[in-house]
Every structure is written in structure tokens, then in C-alpha cells.
Amino acid sequence: MKRNAYITMGALTAVALVLVACGGAATVEVEVTRVVEVTSAAPAATSQVQVQVQVVTPGERMQTIKDRGNLICGVHGTFQGFGYVEADGSYTGFDVEFCKAWAAAIFGDATKVEYRSLTAKERFTALQTGEVDVLSRNSTWTLTRDVDLALTFGPTTFYDGQAMMVRKDLPATEETTLKDLEGANICVQTGTTTELNLTDQMKAAGAEYTPVVFEDNDAAFAAYDEGRCDAITSDRSQLATLRVAKMKNPDDHVILSVVMSKEPLAPAVLQGDDRLADVVHWTVYGMIQAEELGITSQNVDSFLTSADPVVKRLLGVEGEMGAKLGLSNDFIYQVIKQVGNYGEAYDRNLGPDTPYQLARGQNDLWTNGGLMYAPPIR
Amino acid sequence: MLAAWLVYLILRPALTWVFTQAEWQVIVTNFRLFMRGQYPDEAVWRLWVGIYFLALVMGMSWGVWGQAARTFAALFGAAALLFVLLPFSLNARLNWVGVLITLVAAMLLARNRAALKPWVILGWVILLPLTIVLTAGAAWLPFLSPVAPRLWGGLLLTLMLTIIGNTLALPLGILLALGRRSSLPAIKSFCIGYIELWRGVPLVTVLFMAQIMLPLFLPAEIRVDPVVRVIIGLTLFEAAYQAENVRGGLQAMPRGQFEAAYALGLNGVLTMLFIILPQALRLVIPALLNSFISLFKDTTLVAIVGLFDLLLIGKTTLAQPDFLGKYREVYAFLFVVYWAFSMMFSYASQRLEKTLGVGTR
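Respectively, the protein sequence lines represent chains A and U. In case it helps, the numbering used here puts the first sequence at residues 1 to 378. In case it helps, the numbering used here puts the second sequence at residues 1 to 361.
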């Protein structure tokens, strides 16, 4: 009998556990409602929103970040050139530079970032659940993601696009066109938009080819390196970095200048975090503008005495630009001083001094024929 | 003879590569990352305290129990000696010398002093909690400022996940196993439901739930560290498997054991605690340690939710510009580390069985 009593105790504990679990389930609904509310914040005027649901104000997330004292940035953990961990344990990479820049803008200290390494599958969910404040993890800006996932994408930080890499002894140079690849075997990852693009573009160029398809990109690269295909197609950033990482002789290969698709990589925040989105935008614009004006982390102090009103406003010597965003007026000065301008960030991670030597191309300033153009800061 | 020749044929190119062609700089440079990930430098002394404590307890066990603990201590000592000889920083090597000295000193100190036995057992009991407190720290502890578990990485994270996960899962598993054999339908069905539910989902799903869904269930102000979430997921998952292992042991107990205990006047709880469970657990040691090793290897799955365990650290070192394309070196190193630890656990399990006479009496 006593044994039964002992077991009854266990049963009670179990029931309590179940009840706790049910309590948890009740919270779920509340939370889901909140998320739905966030997503429907824009058309709220027309739809009947329940009264008790708390409406997220634009500055709320910004205040949370300031109270917390650091910015939580979702990044790639293992992508060469864009986001990875250095031997001393610090995060490095092109995407990571922007996390540092936002922290410098918000706190005046580029080190106040908490990085969260995210995989492709969990990156947007992490943003939606509030795990990260901002996502800077080479994600393509598309309408579906913007709308269905209720995100606000920032300015494009890197114009990527599908490209083609071929052996130099084909023979080929950067100027080789798709038409010249008539009859080639082309390695491609199957079941991706990359494969569809290849079909479309080759058809448009009027060139016959033989696709050699692989389940994953690694296998495709290995096969190309072994000479099973004449060319391989993937995103330009992938080709440029994996060429160095995977090819036995990187110099034997050339990436054609032809652009086969548009893949604008941009940071993202949750829709409704409008103030944070503003900061994300204007920090990047500030970095682009600084490059255009020739302001670098090395010479930024000498520009503080500049008479040019554009420079004065940019660096916060004149005007109340920072205050309008809820930041200190010299926020872009801090960004440039601690992180650098757009070009510096690019060169440090992908430029001529790195193994990738990725040409600026579309990522050059508009004054140099690229697409990087910042709206005026005034 | 033929077999030896074949092994030689296979091994020769591998060994040639290991000693002449491979560039091990990627491992040497990133050794810190492989061992402890982003764990801050200024807190590393705490990990050393944990290792010293382990050496102390192990040395004393060797002294007190002699034969049974000797092999473990010797293995530990051999590993320490290896670390002294490898080209790590002077600081680390001096520390390993210190660990070796502690091990031997503790052995000599405790030799033939049976009175120390309860203390040594206490030492083993507090080893894990102490290590966790040292590693994680807490705001209210002097000298131990908190280190967020998300900064744990590499081998440290892998071992923490394995050991904490298993240690928490075993008691939970025992309770579930007892519950499943209960005569009360509510408990029985709850336990069966729990076990079958968790055994019916892949670990990857559990990890995704822990990483992605759990934050949705919790209020926005409460932020649980991702590593803690994964430990909770691993524990709940592993408990279901351990429960089935323990149940196997319980079922193997002959009815006579219960009847004899009742005849002696023991009640249900005492019978379970002192008669049935000790024998049942002894019977299933191979299965329990099997689960342990299996979880050790399963921890590599946390890489897909972005935690820097040993495997993901390996991948991130491959993204460093200096070490692009050093796949073979990194994965060979990871192979050796995982293999060495799995072998160690497996060997420990064999020794434990021998000492307790599993299968022989």
C-alpha cells in the first residue's frame, strides 16, 4: 500500500507537470497573437484589431536594445569572407562589419555586439522570435521574404548574382560570354533557382550545353575541380570565395563578368521595428557616403574641421541628424572611426588584399559605375 | 601476415600524409578555439581549477582503491603527459605538469588510507556541479563573473552537453522507467506517452524545437541562453532512451528479489531503492554507457542550430582566409578527438563492468 502512496505522489507530480505544460500552451496563443499583430501593424487602420493586444511602437525595440546595452546580431558562422570566427574567438567578415557599425552608431562602441551564429533554416525565425535584433547573414532581399515573413530589409550591402566560373584553358577570359560556352558541360546544384536561371539564361543566349547536376554545392565544386565539367555556376560570392577555398589551382579559373541573376544581399529587421530599421539604413548610407567623400577611418579626424556642409552634417559637426534617429549626432563619425567606410569594410574582407580578390563590380560607388548610392543625409 | 601487409599498404600513404604533407598549422593556431570556443581568456583559470580538481579526485581514487581506479588515472596521466609534450603555449604546458604532479601527489597522499573513501566519493559527487559553477560563474559569486553559456564552444561545449545531458537524463529516466511499470494507469500512460513521444521524434527536430519554438512559448522578457535550451532538449530526449535501458534492467530482476524484500519487511520504496534498483542498474551498465557514447557523438547535431561545438568550430576555421581548403587536416584532427574520447568512454565502461562483475555473477 505504501508503495502505491509513493506512486500516487509521482502521479501528482506528473499531473502538475502536465498542467504546467498546458499553462505554457496558453502563453503560446498570446505570443502568437502578438506576432500576428506585429505583422498586421501596417494595415491596422483598416482591420479590426483586438483592443487588448499591445501595439508595438516603432521605438520599442530600439529602447530594448539600449536598455540591454548591446545589439544582438544574427550572422553566418562559417562563411569565408562574410561571417566566421577568427582564431582568437572574434567574429569577422563582411556581414559582421555592419553589426559592428550599428553598435558603433547606437552605443558609440563597435564592440557592444552579441553575435548569434545562425543557419539558413533558422535565420528568419530567429528574427521573428526576437532571438536577434537584426539579421546580417547574406540573405537575398525578395518580395516574398519581405511580405510573408513580415521583415523590413535594409539597404543592399552586397549586390550578389549568379555567375559562371570556367577554366582559363578553355580558353576563356573575363569577357567570355554565355554564347561562347556552346557545347560545354556545366556543373550546377540541382533543385535550386540557380539551376532554373542557368536554363533560362543559356536559352536566351542561344547556347546548347550539358548540365551536370549535383545534390549539393560542395560536390559540384569537387566535380568541377576534377575536370568533369568545363564550367560551374553559383552565386558570385560563393564562386569567388570557394575558388580559393576548394580549387587546387585557383589561378587556373576565371569568373566571367556576365551577371545571370539578381541577388541583393541585405540586412533585415522585424517589420514594426521602424526606428531600428532607420538606424540600420542610415548607418549603411553613412558608410557609403563617407567613401564617396573620401573619408576613411584613418583620416576622419582631419575632416572634422572641414568647411563642406555635407561633411559637417555627416560627421555631426553641424545639424541634428543623429538626434532625429535617437542617436548621438556624431554617430556616423563613430562608425567611420571605429569600423570604416563601406569600401574599407569591403576591402578588408573581400578586396585585393584578401585571398578572394573580389572586384567591386556592382558594389562599387555609383560615381565609379557601381550601384552603391546613398540618399542625402540632411 | 597477409593482413599485416594489407594494413601496411593502407596505412603507408595515410601516415606519409600525416607526417610530411599535412599542414597542421590550422590546428595549432586555432587550438584555443577547438578546446573552448569563445570562452574568454580571463576566465580560463576556472577551467584549469576544474581539471586540477579532477586530477585530485582521480589521484585519490587511485590511492584509495588501487587496482580498480588505476587504469583511469593512468590514462588521464598519459593524456596530461601528451599535452605537456605537444607544442602548446608554455602556460598550458606548465599547467599540465601541475596537473600531473597533483595526480601523483594525491595518489601518494591517499595510499592505503581507507578512511578517506567517503571524501573521495564526495569529491566525485561534487565534481560536476563544481565544474559547472566554475565554468558558468554567477553574478553573486566573488571572482566568478558570469560567462554566458553561448560563449562555450569546441570540446568544452561538446563535453558539457554530453556530461550534463546524461547526468540529468539518468535520474529522469529512472523515474520514467519506474512509472512505466507502475500499476496506476495515470502514471503508466503518462510515462509511456512521454517515452514513446520522445523516442518517436528525431533529435534534430528536438533541437530545432528548442532553438526556434521555445522562444515563442516564453514571454518576450525571458531570454533563455541557446546552450541552456539545447541542454534541456538533449536531457528530455535522452531521458526517454535511458528510461527504456533502465526498464530492461528492472524486467530482468527475478520476482524472488521483490518477495524476499517484502518478507524482510521492506516497503515498496525501500525495496526499490536498496534491493531492486542497484541490481537493475548494474545489469544495464553496458546499455547506459552505450547511450552515453551515442549522445557524445549526437552532440555534433547542435551545429545545425548554430552552436559552436567541436564540429562547427572545425568548419569556421576552414573559413579563415589563412586556412582555406585545409579540409583534410581539420577533419582528421576532429576524427582523432572524437575517436579518442569515444574509446576512452568505451574503455571506462569495460573497466566498470569488470569491477562490478557484470555478466560474471
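Honestly, the hints are just simulated from the structure, not real lab data. This one's a predicted model, so the numbers in the text were calculated from it and none came from an experiment. Even glycine gets a Cβ: it sits at the ideal position worked out from N, Cα and C. Be aware that a few hints might be false.
Stated by the list, open to error - The list that follows gives simulated cross-link-like pairs (lysine-lysine, BS3-like), each with its CA atoms no further than 27 Å apart: (1) K248/A to K297/U; (2) K246/A to K315/U; (3) K315/U to K112/A; (4) K121/A to K262/A; (5) K297/U to K121/A; (6) K188/U to K121/A.
Stated by the list, open to error - On the chain U side, residues computed to face chain A include the following (Cβ under 7 Å): (7) T29; (8) I212; (9) P321.
Stated by the list, open to error - Using C-beta positions, here's what the derived DEER-type ranges look like: (10) Y347/U to S90/A: 51 to 61 Å; (11) A307/A to D322/U: 51 to 61 Å; (12) T210/A to E353/U: 55 to 65 Å.
Going down the list of hints, with the structure as the test:
For the hint pairing K248/A with K297/U, the CA-to-CA distance comes to about 32 Å; that exceeds 27 Å, so the pair is violated. Of the pairs offered as hints, the one joining K246/A and K315/U holds, with about 13 Å between alpha carbons and a cut-off of 27 Å not exceeded. The hinted pair formed by K315/U and K112/A meets the criterion: a straight-line CA distance of about 25 Å does not exceed 27 Å. Restraint check for K121/A and K262/A: satisfied, since their Cα atoms lie roughly 21 Å apart, inside the 27 Å limit.
For the hint linking K297/U to K121/A, the alpha-carbon distance of about 22 Å falls within 27 Å, and the restraint holds. This hinted pair does not check out: K188/U and K121/A have alpha carbons roughly 37 Å apart, beyond 27 Å. A least Cβ separation of about 5 Å between T29/U and chain A falls short of the 7 Å threshold, and the interface hint therefore holds. For I212/U, the interface hint holds, since its Cβ comes within 7 Å of a Cβ in chain A; the closest pair sits about 5 Å apart.
Contact between P321/U and chain A, as hinted, is supported at the beta carbon level, the nearest pair being about 5 Å apart and thus within 7 Å. Range check, Y347/U to S90/A: Cβ separation about 38 Å, and the 51 to 61 Å hint is violated. Judged by the Cβ atoms, the range 51 to 61 Å given for A307/A and D322/U is violated: they are separated by roughly 44 Å. Between T210/A and E353/U the Cβ separation comes to about 59 Å, which falls inside the hinted range of 55 to 65 Å.
The structure does not agree with the numbered hints 1, 6, 10, 11 stated previously, though it agrees with the rest.
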